[in-house]
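Visitor: The whole structure should be built from the sequences, with the hints applied where relevant.
Each chain is listed here by its residues.
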Amino acid sequence: MLFNSVEFAFFLPVVAVVYFMLQERFASRTAANVWLIFASYFYYMYADVRYGLLLLAVTAVTYISGHLMGSSTMTRGKRRTVLIITVVLLIGALFFFKYASLLSSLIAEDEALAVILPVGISFYIFQSLTYVFEIYQDKAKPSPSMISYVAFASFFPVLLSGPIEKSSHLLPQFEEKHVFDYERIRHGLIRMAYGYFLKLVLASRLAIAVDLIYDSYTEMTGYQLLLGTCLYSVQIFCDFASYSTIAIGVAEILGFTLTENFTQPFFTDSCASFWRHWHITLNNWFRDYVYIPLGGNRKGTARKYLNIFIVFTLSGMWHGADITYILWGMLSGLFQIIEALIAPLRARFPRWLKVIFTFMLFTFSMFLFRSEDMGQAVTIIGKVFTEFKPESILTTSPFSLGLGVVQFFFLIAGIIVLLIYDIVNERTGDTAARIAACRTPVRWAIYYLLVMMILGSTSIGAQQFIYFQF
Amino acid sequence: MKDILKLIRNFILLSIPLMVLCVLAYILPMSYMGPEYVMWKEEFENSDDPYIDAETLIIGDSRAKSSVLPAMLHDDTYNIAIGGATPIETYYAVKNYIDKNGAPKYAVVVFAPYHMCDIDNWDQTLYFNFLRPSEIAEIYAKAVELGDPVVARKGRIPEMISYRLRLPSKYLSQMYEADFIGNRDANREMFDSIRDDLGYLEFGDADGDDGETREVFHESFDYSELVVYYYEKLVDLLSDNEVSVVIAQPPINVASDEAMHEEFITGYTGFMDHIEYRRRYYNMKVIKEIPVYPNKLFGDSIHVNRKGAEAYTKELREYLESEDFWMWD
Chain Y
664 MLFNSVEFAF FLPVVAVVYF MLQERFASRT AANVWLIFAS YFYYMYADVR YGLLLLAVTA
724 VTYISGHLMG SSTMTRGKRR TVLIITVVLL IGALFFFKYA SLLSSLIAED EALAVILPVG
784 ISFYIFQSLT YVFEIYQDKA KPSPSMISYV AFASFFPVLL SGPIEKSSHL LPQFEEKHVF
844 DYERIRHGLI RMAYGYFLKL VLASRLAIAV DLIYDSYTEM TGYQLLLGTC LYSVQIFCDF
904 ASYSTIAIGV AEILGFTLTE NFTQPFFTDS CASFWRHWHI TLNNWFRDYV YIPLGGNRKG
964 TARKYLNIFI VFTLSGMWHG ADITYILWGM LSGLFQIIEA LIAPLRARFP RWLKVIFTFM
1024 LFTFSMFLFR SEDMGQAVTI IGKVFTEFKP ESILTTSPFS LGLGVVQFFF LIAGIIVLLI
1084 YDIVNERTGD TAARIAACRT PVRWAIYYLL VMMILGSTSI GAQQFIYFQF
Chain X
13 MKDILKLIRN FILLSIPLMV LCVLAYILPM SYMGPEYVMW KEEFENSDDP YIDAETLIIG
73 DSRAKSSVLP AMLHDDTYNI AIGGATPIET YYAVKNYIDK NGAPKYAVVV FAPYHMCDID
133 NWDQTLYFNF LRPSEIAEIY AKAVELGDPV VARKGRIPEM ISYRLRLPSK YLSQMYEADF
193 IGNRDANREM FDSIRDDLGY LEFGDADGDD GETREVFHES FDYSELVVYY YEKLVDLLSD
253 NEVSVVIAQP PINVASDEAM HEEFITGYTG FMDHIEYRRR YYNMKVIKEI PVYPNKLFGD
313 SIHVNRKGAE AYTKELREYL ESEDFWMWD
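Order-wise, the sequence lines are chains Y and X.
Numbered by our numbering, the letters in the first sequence go through residues 664 to 1133 in order.
Numbered by our numbering, the letters in the second sequence go through residues 13 to 341 in order.
Among the hints, erroneous ones may be present.
Claimed, not checked - Some chain X residues close to chain Y (C-beta under 8 angstroms, calculated; not the full set):
1) D15
2) I16
3) K18
4) P29
5) S181
6) L184
Unchecked claim - Under the rule of at most 25 angstroms between Cα atoms (straight-line distance), these lysine-lysine pairs were calculated in the PhoX-like manner:
7) Y:K840 / X:K18
8) X:K297 / X:K117
9) Y:K829 / Y:K804
10) X:K166 / X:K53
11) X:K53 / X:K297
12) X:K14 / Y:K840
Think of the hints as simulated: they come from the structure by calculation, not from any bench.
Model, not experiment: these values are computed from the prediction.
Note that the Cβ used here is the ideal one computed from N, Cα and C, for glycine as well.
Guide: Here it is as structure tokens:
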């Protein structure tokens, strides 16, 4: 079930109303959490009933291993063994679902395994693993309530595309009482509205232009391909941040606080900083469970660079079973290493130039991320450097990118709103709260602006979120 | 409680733009919809209040609509065929007509053979909203029972709700395309033209087409159980109302005839045998042969142009007269 579907418009109010009623009716959280589990499994299995079995298996494995590791009779060695078995099982499952088709096609092209990739698997496996890691690291105790744990592992707002929550942050919230709170719900609804705005007003329109350019990339000039990829950078941000923002808003309506996943990444002035503002929860996961265990920056500069490279290569692999993703990850790591090496030189440049440079480096890596295969990526990058044809800047009409005049200006208006929202967010940390605090006429004007822009975009472009494929 | 009411009130206030768009989509269809809608509108308005008191009805899909000129066929003839419709929609259209106006004495039923296999316009049917919710529900229930992959596909129920509520996600792109009211004059003109031609409508106006028709893409007669169910229901409906029926085949061009798979033709002929075999329809005749016309009589790859319609209507009239069709009781 998509956040931007008619089904979800009926699903969420029903879930919220029943959840609050159960919270009010019973002193124990069990009934409300059972309801959340039921809702989450319904949400997940709506697409394919089989998906639920995998989620259940992942939940069972992590819950049991968490309890085993939390047992006072377990020695350090045995806990380590349990951890390794759990990681091998879950990462193995992830690897199987992501890579089985690719590997079998490499071995025998005609008899490739047709393995369906369950949507959201990368996200909920990583989230469930945080529970195991945190217990192993003695940062958390095993959940005393199996119901709470199952509710955590299947929590529907984050199930399909994150944010990837740490168990120490989200799990205790299932033991708290959440009641109807007008201010909190209003804040959550504003977040949701902004998420829909990002997806429907911006990402869907940008997708039309980007797809047009990439679908006929052989006929495009280098400039047009670069323009298309710059637009893709913004598209993927709007698309992915929209999902996270809606998820955070939905959870907030229910009384839960999730971790921010994007904090104005395009305002950052270095690649290292960029990745601290982009898909924050995944990067935190890799930092805490890969980078730091590898030694982080404690074992010298060379080792630090190697660790960064390993982390980003793994991040590329996490994204998908394609060499383009792996190279994209490597390149993202490499940019940070080079950036660190030339730090004194970079210090001489003004911040605005570094912001643009960071965006362009990210965009360069997007050539790999957006391309269907290496052949396409190589061709496109080659054309950008050898067939740039600057004169095509003058001949490429913005209205020729598949949008037409009205939709193009709609897009421009949307980008202006995005910039204002992000600037306010950068300064205050919470634009939604600022909107909620505005005087009534201003607040309602903003509400109606968002609603009108969203409604005016409901029939535009694709409905699916890009990150569902991961 | 006060906060809950406040939330509900604000939600309603914020829903006003949505409601406005839904209402616009509901009240302005003739101003923003495309030409196919006009045809449906004309047909359904005709069911409520017939343009003429027709003794003979032409029933079928776009090929019937574009192939039979009522004025040339016989007196008091009206073409109520609907472009993009399969026997499913046609059954309800004819039922509505009979319920409101009584049964005609004669009917000529013409469907493209591929329409027994493909329900290719079901979204359009939902989009136009001419079928009643009870009718849609009835079709959906039957489709679920028969496991129809189009009508009963996953996600249909929310889609049906979206169409019924005229949600912007379904209608806004067409409204944008038509600048909200930009198609009004053209649609009105088309509506009047259909009426002037007693229900006939030209689909393609080219002076010839050598493209292949949809039947060519079927290697065998892989019929849809749902369509066949409704085809039989349609014939039963006519029979129960003592309508004399001739089932005829619409013409295809030479290019399509050469490319059509033998197995498809054999299967379709077998299906027509089956329809004919249901012989309680004492006043029914089935013409099984698919007429082949020169490419130059086609306005596009699947519909005859006006000259083609004249030729087909003439041929049909001669056949019906030779069979004393209008003397049947």
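Visitor: None of the hints should be skipped; say for each whether it holds.
Guide: Hints, verified against the model:
{"no.": "1", "hint": "D15", "in the structure": "holds, 4 angstroms"}
{"no.": "2", "hint": "I16", "in the structure": "holds, 7 angstroms"}
{"no.": "3", "hint": "K18", "in the structure": "holds, 6 angstroms"}
{"no.": "4", "hint": "P29", "in the structure": "holds, 5 angstroms"}
{"no.": "5", "hint": "S181", "in the structure": "holds, 4 angstroms"}
{"no.": "6", "hint": "L184", "in the structure": "holds, 4 angstroms"}
{"no.": "7", "hint": "Y:K840 / X:K18", "in the structure": "holds, 22 angstroms"}
{"no.": "8", "hint": "X:K297 / X:K117", "in the structure": "holds, 15 angstroms"}
{"no.": "9", "hint": "Y:K829 / Y:K804", "in the structure": "holds, 13 angstroms"}
{"no.": "10", "hint": "X:K166 / X:K53", "in the structure": "violated, 29 angstroms"}
{"no.": "11", "hint": "X:K53 / X:K297", "in the structure": "violated, 30 angstroms"}
{"no.": "12", "hint": "X:K14 / Y:K840", "in the structure": "holds, 20 angstroms"}
Checked against the numbered hints above, the structure violates hints 10, 11; every other hint is satisfied.
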